[in-house]
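Q: Construct the entire structure; sequences and hints are all you get.
Number of protein chains: 2
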Amino acid sequence: MAAQNRLSINQWSMRTTPCEQFISAVAAAGIESVGLWRQNVAEIGVRRAAGLVRGAGLRVSSLCRGGFLTAPTPTGRRAALDDNRRAIDEAHQLGAGVLVMVVGGLDPGQSISRVRDAIPQTIAELAPYAQDAGVRLALEPMHPMFAADRAVISTLGNAVLLAEASGHSSVGVVVDSYHIWWDPQVLDAIAAIGAADRLLSYQVSDWNLPLAPDPLLSRGVMGDGYIDFTELTTAVAATGYCGDVEAEIFNADLWAMPIAESLALVRSRYESLVAPHL
Amino acid sequence: MAAQNRLSINQWSMRTTPCEQFISAVAAAGIESVGLWRQNVAEIGVRRAAGLVRGAGLRVSSLCRGGFLTAPTPTGRRAALDDNRRAIDEAHQLGAGVLVMVVGGLDPGQSISRVRDAIPQTIAELAPYAQDAGVRLALEPMHPMFAADRAVISTLGNAVLLAEASGHSSVGVVVDSYHIWWDPQVLDAIAAIGAADRLLSYQVSDWNLPLAPDPLLSRGVMGDGYIDFTELTTAVAATGYCGDVEAEIFNADLWAMPIAESLALVRSRYESLVAPHL
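Protein chains in written order, with our numbering: chain A, 3 to 280; chain B, 3 to 280.
Just so you know, these hints were derived from the structure itself, not from any lab.
Worth double-checking, as some hints may not be accurate.
Between beta-carbon pairs, the in silico distance windows are [said to hold, decoys possible]: (1) A:Gly136 x B:Ser171: 55 to 65 Å; (2) B:Ala81 x A:Asp216: 30 to 40 Å; (3) B:Asp119 x A:Glu127: 36 to 46 Å; (4) A:Gly136 x B:Met259: 56 to 66 Å; (5) A:Gln123 x B:Ala258: 19 to 29 Å; (6) B:Pro74 x A:Ala4: 55 to 65 Å; (7) B:Ser270 x A:Arg116: 55 to 65 Å; (8) A:Gly111 x B:Asn7: 23 to 33 Å; (9) B:Glu45 x A:Ala197: 50 to 60 Å; (10) B:Met259 x A:Thr77: 32 to 42 Å; (11) A:Pro74 x B:Asp190: 19 to 29 Å; (12) B:Ser26 x A:Met259: 54 to 64 Å.
One side only, chain A facing chain B, incomplete, derived with CB under 10 Å [stated by the list, open to error]: (13) Gly107; (14) Gln112; (15) His145; (16) Ala149; (17) Ala150; (18) Leu163; (19) Glu166; (20) Trp184; (21) Val188; (22) Asp199; (23) Trp209; (24) Leu213; (25) Pro217; (26) Thr232; (27) Glu233.
Which chain B residues face chain A? A few, computed with CB under 8 Å, are given here [to be verified]: (28) Ser115; (29) Arg118; (30) Pro146; (31) Ala150; (32) Leu213; (33) Asp230.
All values derive from a computational prediction rather than experimental measurement.
Glycine included, C-beta positions come from ideal geometry on N, C-alpha and C.
A: See the structure below:
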């Protein structure tokens, strides 16, 4: 597939647009793929959303998100596993081959190393169910500033170790530029993920400064911040990854623009900064 | 030295207290060591500050800070080297054996990996001057959320590699709990730094949530956040590190307290959460 056709728009890059209009705007722009979010899909129901993306001829590069599997109590953990099975079902219905897993953070007093060590076993409980549904679970290392509240997995190197420790070849890793760009081991880790056939998603956004008051919203359009997309994209391409490249940009300025303009901006930056290196 | 006597108070933990009062309050509390900041020392002059700490019988565990060596122009780099030589002179005068190095961030368009690769050579230009002055340069990996604007060194493992690549045995590393607690390789990295005889400073503060609007100010008093001080301190002690443990806590609540109370709080948390593992 030509590089320019591999752009996928993550739904939260256009978060202020309702689900139905989001799908039709992406298709109208001639973009071929979307990344969806469970709560936004829920606004119109999974069945209807699946029908719309199919009718529009779009691929679904991923569904966000499963995870939050680090509850300290058995009850909390059981509830999380149940919710993740529902997320897998939804990914299956939507035709998304990848469910993004934000594994969860800490309760005060929990030791990060012990919580992290328990991840492979929990993922192993879900993996067969996902595999039956044709859905691959993609562990997402998040920026270390989210280690306490969102994801105890902070690096690609750690993510691939934990994926391997799950004992299931279908479990993989998300490479999200915003979360991992700072890592001195990032290029070796991307190569290792590729060698293990576990690179399931490549998401792009830039690291903008100053940090937004809610740091989740500091993600910038590629080219507006500090990330070297040449180096990262070249490393991803060298693994043989041939899936979609998902622009996942939580950014209040982008949300304030008419969707046709924001799609055009994201596409133009994708075409100049990312696609040439795929 | 007994563990309880190894507490050092970093000046910015009590940032609202003028330099002279800070020194006398720490000494009055029976605490034996301080970490000083150049700009606060400058308020009264290095000579006078050195006389005060000596008169009070205090050790100076470190001087903050040198660094900011990543300017993209030769002129900027030369100015930074000159400023670092002045910082080394000041550390020498103050009797601080360690100068903390915050190496600097990026200009937009600079590639983090190339900027990082240039660090050892720049440090090598300073190291002989520091060694002559009896001052060790301590590279401080900072939390990855500061990779773009403050320090392109984000992990202990990378810091020790860069210190070794400088070719000078006097160059070492700061282990600051706030910056490195999330790292899945942290315990191995601490051991490697110890084995290389490069562990020059152990600084403690907690990771509090929510992040403060200025994330530099999210540092918490030990026990108020998510960091496992048992694990980190045990790893530091296992290297044979026998220096001071510097409480470096930038926190508006702490700054609002009378200094005697904030010193008592920090000391009590140090004694219950850190000292038992030294």
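Q: Determine which of the earlier numbered hints do not hold for this structure and return their numbers in increasing order.
A: 5, 6, 7, 19, 22
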